[in-house]
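A.B. asks: Residues in the sequence shown are numbered consecutively from 570, following this note's numbering.
I should point out that these hints are in silico values taken from the structure, not numbers from a laboratory.
There could be a bad hint or two in this list.
[To be verified] DSS-like mimics (lysine-lysine), calculated; alpha carbons at most 27 Å apart, straight line:
no.: 1; residue 1: K601; residue 2: K591
no.: 2; residue 1: K609; residue 2: K591
no.: 3; residue 1: K571; residue 2: K591
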Amino acid sequence: GKRYYSVKEVRNALSRIEELQKQRAEIEEAAKLADGPPAKRVRLRGKVSESAGGGGGFDALDLEAAFGEALEGALGAAAAELEALPEATPELEPRAGATVE
Numbered sequence: 570g571k572r573y574y575s576v577k578e579v580r581n582a583l584s585r586i587e588e589l590q591k592q593r594a595e596i597e598e599a600a601k602l603a604d605g606p607p608a609k610r611v612r613l614r615g616k617v618s619e620s621a622g623g624g625g626g627f628d629a630l631d632l633e634a635a636f637g638e639a640l641e642g643a644l645g646a647a648a649a650e651l652e653a654l655p656e657a658t659p660e661l662e663p664r665a666g667a668t669v670e
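Starting from the given sequences, assemble the full structure and let the hints guide the process.
C.D. replies: Below is the structure:
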């Protein structure tokens, strides 16, 4: 940092810093006011209900069937991976005369 050799220099530097902080605060406040209100959310789908024929989405039965198919596919893949694993090694028995705690 800068070395100050007198109290007068320190006071001048502090007053400059305070002025800059005030200017920065004024600029930030003006920027906030210039932005305006926050943007509204955009509707992703129309207001038309499915019963009126406007919706082309899934109904509950379609979703349930799709979930079942996905679950069967995932379980089938997991079962195939388990079959591909090598056979488990048998548990080792302690040797004769060893104490197990």
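A.B. asks: Keeping to a limit of 27 Å between CA atoms, is the pair of K609 and K591 held or broken?
C.D. replies: 33 Å, violated
A.B. asks: Given the hinted pair K601 and K591, is their Cα-Cα distance within 27 Å?
C.D. replies: Between K601 and K591 the Cα gap is close to 15 Å, so the pair holds against 27 Å.
A.B. asks: Are the Cα positions of K571 and K591 separated by 27 Å at most?
C.D. replies: 22 Å, holds
Hint compliance for this structure: hint 2 alone is broken.
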